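Undergrad: In case you want the letters, here they are:
Number of protein chains: 4
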Amino acid sequence: MSENAIDRLTEIFKRFPGIGPRQAGRFVYYLLRSPPSLRRELVDAVRGIAEAAKQCPTCFRYHSDKQKECSVCRSASRDTSLLMVVASDADLSSLEHSDTYKGRYFVLGGTVALGTDKNPTLRTKELLASLPMRIETGLQEIILAFPANPEGDATAFLIRNKILEATPLGFTPLGFKITALGRGLSTGSELEYADPDTLRNALENRR
Amino acid sequence: MSENAIDRLTEIFKRFPGIGPRQAGRFVYYLLRSPPSLRRELVDAVRGIAEAAKQCPTCFRYHSDKQKECSVCRSASRDTSLLMVVASDADLSSLEHSDTYKGRYFVLGGTVALGTDKNPTLRTKELLASLPMRIETGLQEIILAFPANPEGDATAFLIRNKILEATPLGFTPLGFKITALGRGLSTGSELEYADPDTLRNALENRR
Amino acid sequence: MSENAIDRLTEIFKRFPGIGPRQAGRFVYYLLRSPPSLRRELVDAVRGIAEAAKQCPTCFRYHSDKQKECSVCRSASRDTSLLMVVASDADLSSLEHSDTYKGRYFVLGGTVALGTDKNPTLRTKELLASLPMRIETGLQEIILAFPANPEGDATAFLIRNKILEATPLGFTPLGFKITALGRGLSTGSELEYADPDTLRNALENRR
Amino acid sequence: MSENAIDRLTEIFKRFPGIGPRQAGRFVYYLLRSPPSLRRELVDAVRGIAEAAKQCPTCFRYHSDKQKECSVCRSASRDTSLLMVVASDADLSSLEHSDTYKGRYFVLGGTVALGTDKNPTLRTKELLASLPMRIETGLQEIILAFPANPEGDATAFLIRNKILEATPLGFTPLGFKITALGRGLSTGSELEYADPDTLRNALENRR
Chain A
461 MSENAIDRLT
471 EIFKRFPGIG
481 PRQAGRFVYY
491 LLRSPPSLRR
501 ELVDAVRGIA
511 EAAKQCPTCF
521 RYHSDKQKEC
531 SVCRSASRDT
541 SLLMVVASDA
551 DLSSLEHSDT
561 YKGRYFVLGG
571 TVALGTDKNP
581 TLRTKELLAS
591 LPMRIETGLQ
601 EIILAFPANP
611 EGDATAFLIR
621 NKILEATPLG
631 FTPLGFKITA
641 LGRGLSTGSE
651 LEYADPDTLR
661 NALENRR
Chain B
461 MSENAIDRLT
471 EIFKRFPGIG
481 PRQAGRFVYY
491 LLRSPPSLRR
501 ELVDAVRGIA
511 EAAKQCPTCF
521 RYHSDKQKEC
531 SVCRSASRDT
541 SLLMVVASDA
551 DLSSLEHSDT
561 YKGRYFVLGG
571 TVALGTDKNP
581 TLRTKELLAS
591 LPMRIETGLQ
601 EIILAFPANP
611 EGDATAFLIR
621 NKILEATPLG
631 FTPLGFKITA
641 LGRGLSTGSE
651 LEYADPDTLR
661 NALENRR
Chain C
461 MSENAIDRLT
471 EIFKRFPGIG
481 PRQAGRFVYY
491 LLRSPPSLRR
501 ELVDAVRGIA
511 EAAKQCPTCF
521 RYHSDKQKEC
531 SVCRSASRDT
541 SLLMVVASDA
551 DLSSLEHSDT
561 YKGRYFVLGG
571 TVALGTDKNP
581 TLRTKELLAS
591 LPMRIETGLQ
601 EIILAFPANP
611 EGDATAFLIR
621 NKILEATPLG
631 FTPLGFKITA
641 LGRGLSTGSE
651 LEYADPDTLR
661 NALENRR
Chain D
461 MSENAIDRLT
471 EIFKRFPGIG
481 PRQAGRFVYY
491 LLRSPPSLRR
501 ELVDAVRGIA
511 EAAKQCPTCF
521 RYHSDKQKEC
531 SVCRSASRDT
541 SLLMVVASDA
551 DLSSLEHSDT
561 YKGRYFVLGG
571 TVALGTDKNP
581 TLRTKELLAS
591 LPMRIETGLQ
601 EIILAFPANP
611 EGDATAFLIR
621 NKILEATPLG
631 FTPLGFKITA
641 LGRGLSTGSE
651 LEYADPDTLR
661 NALENRR
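Residue numbers (my numbering), protein chains in the order written: chain A, 461 to 667; chain B, 461 to 667; chain C, 461 to 667; chain D, 461 to 667.
Among these hints, one or two may not hold up.
Just so you know, same-sequence chains aren't split out, so a pair can sit in one copy or run between any two.
Stated by the list, open to error - Calculated lysine-lysine pairs in the DSBU-like style (CA-CA distance at most 30 Å, straight line):
1) K578 <-> K474
2) K585 <-> K474
3) K622 <-> K526
4) K526 <-> K578
5) K637 <-> K526
6) K637 <-> K474
7) K474 <-> K562
8) K622 <-> K474
9) K578 <-> K562
10) K474 <-> K514
11) K528 <-> K514
12) K585 <-> K526
13) K514 <-> K585
14) K514 <-> K622
Hints are computed from structural coordinates only; laboratory data are not their basis.
None of these values were measured; they are calculated from a predicted model.
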């Protein structure tokens, strides 16, 4: 096994998201050409996340803080009346960087897979189980923040239904609203090149 | 001048939108290689639009119907309570193809140009002059449908102000609303790759 | 027929090489918005090429000079010992712009079409018929300048064979060489990203 | 320092060739979501190359074989009469994959940097020092295989001169040839879109 370390490492990098065989090979050559200190840093950092990495028991995002809960779930300054349900850690990260949202999150772990049997395991049960506690701390709105594609729409439909079913009488009033992110022209869009579906949403959501 | 017809035609095609010298040359070779009937058809069709082309005196779009007014402005089935102000004929055409809007249009003739002195001549006066007639036929909403970029936003700001100034007291109630197309996730958008501005709009416009 | 001049002109532009329905529509709007003088210029120029356009009886390229023969075939300063056979007027034009070749041309009218029955009519007969005259004026080399793809290679194979068959004994010496453009690294190529076929050619053609 | 393992690992991935902050973040999330076994495998593989990685003392490529020399330099079946000088390990790897070359290699370690003072350290001395041994084992041709760009051309010029200077009388006969990879149309090229420089090379290198 130790015979061809280069091939082994190339194989691992090929599994990284968005990385083909060619770029995997370049990563390995990059590491080969680098001073030993970089390889040591990489080994330390990977071990570091292996040790420090934990999943927040509240929102299920991955983090490496010392505490069990992530910084957003622990923060007293985040608005507990808003809960945004996102598909992935990457989506959460993108929203945090946009610096527009001040509520809490829940990471569902994926979207419904259409046209295939391999559905990812979504944390629907964990979401529902957390609602009583969240209602107690003032929950007023669940924002379904899924991608603007059929998979995202199917996921929103599913989650909305599961939440409604989980309430005593199976319908509203829930004590909180369920909303979805707005659809329309994204920044930079020109009408001439916008697809009909986006134009329809932009028209419906005019204000 | 008649010495080099190929160069002359190439020069004209180079002025067409989105056409560089190379493609202009290919157009000319295409015409050269084509049977004489195609060149005759092209000549006839260009003369045809030269004769038939007219600008609708109501919405200012170009058309080639026999009547002076365009088919949308003449149609009794279009909703006169809605007026959508668009920058260009191309935007109007894109909206008509999306088959989502049943009101009337007004073609402003461009957007404000930022960072340059060469402002296009916008038909602001013509728009304002048409409002009394439109109010009489039931206008309830003006939809500002400009591109989702700084130029589009500046144009919306300008037009909104001009309309407000033109009302007797300079403020609402106007008898009609002024709205803008909705901003948010365009169809197909993934949160992970959305820009912060789009995420902000999607969050603000959640429903 | 004159009812919808816009649609008619759009249809004609859609047949232009590389132009889809959307850009065809933009061309029409461009002409509609333009001053009448531009439409007149376009009509004149198209008629101009219709009248002036002629195919050179020697090399078969299209041109609009007053003389029947094109400027390259007429020029006393072009080297008659070299004949380059190209697929199209566009290829000839690209070579002339590169300013590297000082011989004569012959435009074959296309390449062999692989995987389809619709073979274009190649001017093979015309090429062969012109060889005695060209040999008389000193022909020493025919350069087959076809695209570096399977269609180009098949065309070179075909033309080479036809020339060899046309000689009295069906084989060399012909009194002239038949060559093909060199293959290898094109300008700007990096070895890391070059395809295996290009690397093979670059290695074989090293000097 | 151990406080934020995620940030530390992100920083390291950002230094990988072709990786921006976004993809670096995705790599980290990928590792976080992966089972502990993958992180262990990655740590092992990186340590594996750290331990196994060696630079071939003959051609200077990186490899992880047990032997000090790389497999090409050790192979009795590779042709010692040919020496190809390449800029980088990646170029060597690309040539090996093309399966067209059966000689030996020398990795120079980069190309001359034009328009900057930061010239990489090229192994010119090591190349020259290896020539006597190579001449003894039958060297007949050095192939300069650099990218087809100004940097590659300048490197070829430099290396050629250094080799000529290093011979006793500073000029040929050397006992071996110095060649360069062929230039011309790369596979798939169409003449219409080829740049003038490539057309010039294709014409010069016709055969």
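Undergrad: Evaluate each hint against the coordinates.
TA: How the hints compare with the structure:
Taking the shortest Cα distances, K578 and K474 sit within 30 Å of each other inside one copy (22 Å), while across copies they are farther apart (32 Å). In this homomeric assembly, K585 and K474 never come within 30 Å of each other (Cα to Cα): the closest approach is 33 Å inside a single copy and 36 Å across copies. In this assembly of identical chains, K622 and K526 lie within 30 Å of each other by CA distance neither inside one copy nor across copies; the values are 34 Å within and 57 Å between. In this homomeric assembly, K526 and K578 never come within 30 Å of each other (Cα to Cα): the closest approach is 35 Å inside a single copy and 43 Å across copies.
In this homomeric assembly, K637 and K526 never come within 30 Å of each other (Cα to Cα): the closest approach is 34 Å inside a single copy and 54 Å across copies. Taking the shortest Cα distances, K637 and K474 never come within 30 Å of each other, neither inside one copy (43 Å) nor across copies (41 Å). Only between protomers do K474 and K562 lie at most 30 Å apart by alpha-carbon distance; the minimum there is 28 Å, versus 37 Å within a single protomer. In the homo-oligomer, the alpha carbons of K622 and K474 never lie at most 30 Å apart, since the shortest distance is 37 Å inside one protomer and 40 Å across protomers.
In this assembly of identical chains, K578 and K562 lie within 30 Å of each other by CA distance neither inside one copy nor across copies; the values are 34 Å within and 42 Å between. Proximity of K474 to K514 under the C-alpha cut-off of 30 Å is found in both arrangements, the shortest distances being 25 Å within a copy and 22 Å between copies. Within a single copy, K528 and K514 get their C-alpha atoms as close as 7 Å, which meets the 30 Å cut-off; across copies the closest is 42 Å, which misses it. Taking identical chains as interchangeable, the C-alpha atoms of K585 and K526 lie at most 30 Å apart only when both belong to the same chain, with a minimum of 27 Å there against 52 Å between chains.
Within a single copy, K514 and K585 get their C-alpha atoms as close as 20 Å, which meets the 30 Å cut-off; across copies the closest is 52 Å, which misses it. Within a single copy, K514 and K622 get their C-alpha atoms as close as 27 Å, which meets the 30 Å cut-off; across copies the closest is 57 Å, which misses it.
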